[in-house]
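Once you've looked at the hints, dock chain B against the given chain A.
Protein chains: 2
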Amino acid sequence: MRWLTLLCEMAMKGEFDLIETYFAPLASAEPGSLSLKDDAAVLSTNQGMSTVVTTDCLVAGVHFFPDDPPETIALKLLAVNFSDLASMGAMPRHYTIAAALPRSVEEPWVAQFAKGLREGQSRFGAVLVGGDTVSTDGPLTLTLTALGEVPKSEALMRSGARSGDEVFVSGSIGDAFAGLKVLSGQFQDLRRKERETLIARYRTPTPRIALGLALRGIASAVVDISDGLVADLSHLCDASRVGAKIDSDKVPLSDSIRSLVESSQIALSDVLSGGDDYELLFSISSSKINSLEKVLKDGEVKVSHIGSLTKSTDVEFRDGNDLLDFDRTGYQHF
Amino acid sequence: MRWLTLLCEMAMKGEFDLIETYFAPLASAEPGSLSLKDDAAVLSTNQGMSTVVTTDCLVAGVHFFPDDPPETIALKLLAVNFSDLASMGAMPRHYTIAAALPRSVEEPWVAQFAKGLREGQSRFGAVLVGGDTVSTDGPLTLTLTALGEVPKSEALMRSGARSGDEVFVSGSIGDAFAGLKVLSGQFQDLRRKERETLIARYRTPTPRIALGLALRGIASAVVDISDGLVADLSHLCDASRVGAKIDSDKVPLSDSIRSLVESSQIALSDVLSGGDDYELLFSISSSKINSLEKVLKDGEVKVSHIGSLTKSTDVEFRDGNDLLDFDRTGYQHF
Numbered sequence: 295m296r297w298l299t300l301l302c303e304m305a306m307k308g309e310f311d312l313i314e315t316y317f318a319p320l321a322s323a324e325p326g327s328l329s330l331k332d333d334a335a336v337l338s339t340n341q342g343m344s345t346v347v348t349t350d351c352l353v354a355g356v357h358f359f360p361d362d363p364p365e366t367i368a369l370k371l372l373a374v375n376f377s378d379l380a381s382m383g384a385m386p387r388h389y390t391i392a393a394a395l396p397r398s399v400e401e402p403w404v405a406q407f408a409k410g411l412r413e414g415q416s417r418f419g420a421v422l423v424g425g426d427t428v429s430t431d432g433p434l435t436l437t438l439t440a441l442g443e444v445p446k447s448e449a450l451m452r453s454g455a456r457s458g459d460e461v462f463v464s465g466s467i468g469d470a471f472a473g474l475k476v477l478s479g480q481f482q483d484l485r486r487k488e489r490e491t492l493i494a495r496y497r498t499p500t501p502r503i504a505l506g507l508a509l510r511g512i513a514s515a516v517v518d519i520s521d522g523l524v525a526d527l528s529h530l531c532d533a534s535r536v537g538a539k540i541d542s543d544k545v546p547l548s549d550s551i552r553s554l555v556e557s558s559q560i561a562l563s564d565v566l567s568g569g570d571d572y573e574l575l576f577s578i579s580s581s582k583i584n585s586l587e588k589v590l591k592d593g594e595v596k597v598s599h600i601g602s603l604t605k606s607t608d609v610e611f612r613d614g615n616d617l618l619d620f621d622r623t624g625y626q627h628f
Numbered sequence: 295m296r297w298l299t300l301l302c303e304m305a306m307k308g309e310f311d312l313i314e315t316y317f318a319p320l321a322s323a324e325p326g327s328l329s330l331k332d333d334a335a336v337l338s339t340n341q342g343m344s345t346v347v348t349t350d351c352l353v354a355g356v357h358f359f360p361d362d363p364p365e366t367i368a369l370k371l372l373a374v375n376f377s378d379l380a381s382m383g384a385m386p387r388h389y390t391i392a393a394a395l396p397r398s399v400e401e402p403w404v405a406q407f408a409k410g411l412r413e414g415q416s417r418f419g420a421v422l423v424g425g426d427t428v429s430t431d432g433p434l435t436l437t438l439t440a441l442g443e444v445p446k447s448e449a450l451m452r453s454g455a456r457s458g459d460e461v462f463v464s465g466s467i468g469d470a471f472a473g474l475k476v477l478s479g480q481f482q483d484l485r486r487k488e489r490e491t492l493i494a495r496y497r498t499p500t501p502r503i504a505l506g507l508a509l510r511g512i513a514s515a516v517v518d519i520s521d522g523l524v525a526d527l528s529h530l531c532d533a534s535r536v537g538a539k540i541d542s543d544k545v546p547l548s549d550s551i552r553s554l555v556e557s558s559q560i561a562l563s564d565v566l567s568g569g570d571d572y573e574l575l576f577s578i579s580s581s582k583i584n585s586l587e588k589v590l591k592d593g594e595v596k597v598s599h600i601g602s603l604t605k606s607t608d609v610e611f612r613d614g615n616d617l618l619d620f621d622r623t624g625y626q627h628f
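Quick mapping for you: the protein sequence lines, in order, are chains A and B. Quick note on the working numbering: the first sequence kicks off at 295 and runs consecutively. Quick note on the working numbering: the second sequence kicks off at 295 and runs consecutively.
It should be emphasised that the hints constitute simulated quantities derived from the structure, not laboratory data. Hints are not guaranteed to be accurate.
Same chains, same names: a pair is fine if it fits in one copy or spans any two.
Simulated crosslink set (DSSO-like; lysine-lysine; CA at most 27 Å straight-line) [what the hints assert, rightly or not]:
#1 Lys-446 with Lys-409
#2 Lys-331 with Lys-446
#3 Lys-409 with Lys-544
#4 Lys-605 with Lys-331
#5 Lys-487 with Lys-446
#6 Lys-539 with Lys-446
#7 Lys-544 with Lys-591
#8 Lys-544 with Lys-596
These figures come from a predicted structure and were not determined experimentally.
So that you can see chain A by itself, here it is in the shape it has in the complex (with noise of 0.2 Å):
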C-alpha cells in the first residue's frame, strides 16, 4: 500500500496532503483500515460467511471518456465491480483503488473523484481500505479490487441453471450502450431528458445489489450484464452447459430505446448485444416463480421473464418465428 506516493508526489508540486484530506475520510466508518497509513488492512470476516472477490480496471478512453465528470468516473469504477458482487448474491463491504494517474491531473479532480467514491459508499454501503497511486504517461487507469460477503455455500453462481429453467432479466437493456452513442453525438433527435436518462444509464450504471440478495437460494444463475445481454447469456449457458430461447419481444426496453429501434436508429440486434448495462441476468427453475415473486414485490428494479433454458447448448432469440443474427457475441468498447 503506497499512498504515500501520491502524497510526496503531490506535496512536491506545493499541494497539501490530498490522503488525508480526501481518501483517509472515506476509510474512516472501518478502524481496520488503520486510517490508510499502514502497509495493508486488516478486516474481519463475520461468522459464517465467505469473502468474496472481484477486480475490475477501467481505462480512460476505453471504458470512459478522459472528459467525463469525475465524480461519475468513481461511481462507474465502484458500481461495475459491485454488480460482480450483486451477481454473487453478495453484500459489498470493502474496496481498495489503485489509481495511475497522469501528471496532468490536479488536487480538484482528485476532490471531485473522491467526492464520486464518497457518494458510492453511501449509497452501496461499502468502505475504502486502501489504495496506492503512481504516475503514468498514459491513461488515466483506474483499478478497484471490492470485496463482500455471502453466508458460507450461498453464493450464486454461473453454473447451477438447468434446462427447463426460466431466465430472467432486471431492469432494462440497451440504455447504456445507446448513452454511449449520445456521446459520441448520436440520436440528437431524442428529447434532452430522454439523452441525459440514457448517459446516466452509461456513466452510472446501478448494481443490483439488493436484487442479488434476495435472489439467494432462489436463482439456479446469475450473471450480471457487462459485456451484453448476448455475450453474458451465452456465459451462462457455456457455465451450466445449457442452452437458451429467448424471446426477444420480452426483453425489456426503455421508452427511448423502443423508439429508435422502431424508427431504425438502432438495430434490435446491437441494443442485444451492446454492454454495460449492469443489470442481472438469471434463471430460476419453475418451482421457485413463486419465491421470485415473493421477494421481488417490493424490490426497487423491474424483472422481466425472457425465455428459458434447453438442453441444446445453442443461445437462441427470436423475433416472432425469425432466428435473430448476432453479428458479434460480445461487446467492443469504443
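Leaving out everything else, chain B in the frame of chain A:
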C-alpha cells in the same frame, strides 16, 4: 471480473484461449476461484483469523523497465505486495491481478509472465483467484491485490513502537537502488556476477514473509522498506510518535555496496535513502530481544541491530559523530 475481455481480444487476433491455458491453472489450488470463470471468487477465512488486504500498482517505465523479462515483472509484482503482508505479520493466501496491456503485448509475453506468477506462487505460497485484463494505449500497468491472513489482534503495525525500543533491519540495504543504477549503465567496473546480483535485488526482491510471521508477538512496530530506509523509518516513527538514532555504520551493506561507498562511486546517504529493498525494518522492546534471537536462530535472513528509538521525534542517522544530511526523504522512481 472480466478475464473474458482478454479472451475476446486475443481470440480476434487468432490467439487461442490464453486464460484457460496460462491463468486458470494458477487458480486450480483454490476451488473458490471458480476457475476464474465466474464474476468473483468466494473465499473462506480460517477460524480465528483476520484478512489482511493490500494493493500495489506497477507501471512500465516507472517501477520496472518495459523490456524487463516478463517473469521478473510478475515476481516483482507479487513480491512488493507480499512484502506489505509480511510487514503486517500476515501469511499470503490469495491474489487478484488487473493488467492494462499495450496492444504490442503478445502471447509469448503472457506465457512468460504467467510462468513468473507460477514461480512466485510456489515460492511465496498464494493462489490466483481473479483478475481483469484490458487494453491500453499507455504503458503496461499492473495492479495486484494481495489477501493474507493473520491471527486476530496479532497484526503488526507501524504504530506500536515506543521510545527506548531497539531498531532492526533484515538483509542488506541499497542493493536494489544500486541494481537500478547498474541497469542504467553505471558501476561497469563491478564484476559481472556482482552486477547481476544487484540487478536481481532490484528486479526480484524477496518479501520477508517468514520473518514477518516470526515477529508476531515480538516486534512493537514493523514497516517494509519500499521508499528507502530513511523514509520508511520516518513513517514508522511518525506513526508511533517517536524519533530514532541510527548508527549508519551498523546499517547492513552487501560487499558490493560497501566497495562502491568506499570508492566514492555512491554516496552513503543515497544508499540509505534509496528504495525498493523490501527488507523489513522493525522495533523491539529490550525485554524481547531474547525472543527475537530465539526465532532468528533458524531464520533464513540475517537481521541487524542499527539503533534505537527516542522520545524526541527527530530521525537521525550518525556516521561516528557526524549527523548525515539527506537531500531527500523519499525514494524517487526513475
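Against the structure, the hints come out as follows:
1. Lys-446 with Lys-409: Close neither inside one copy (34 Å) nor across copies (33 Å); limit 27 Å.
2. Lys-331 with Lys-446: between (32 Å within a copy, 19 Å between copies)
3. Lys-409 with Lys-544: neither (38 Å within a copy, 47 Å between copies)
4. Lys-605 with Lys-331: between (54 Å within a copy, 21 Å between copies)
5. Lys-487 with Lys-446: neither (44 Å within a copy, 52 Å between copies)
6. Lys-539 with Lys-446: Classified as neither: same-chain Cα gap 32 Å, cross-chain 50 Å, threshold 27 Å.
7. Lys-544 with Lys-591: within (20 Å within a copy, 71 Å between copies)
8. Lys-544 with Lys-596: For Lys-544 and Lys-596, the Cα distance is within 27 Å only inside one copy (13 Å; across copies 69 Å).
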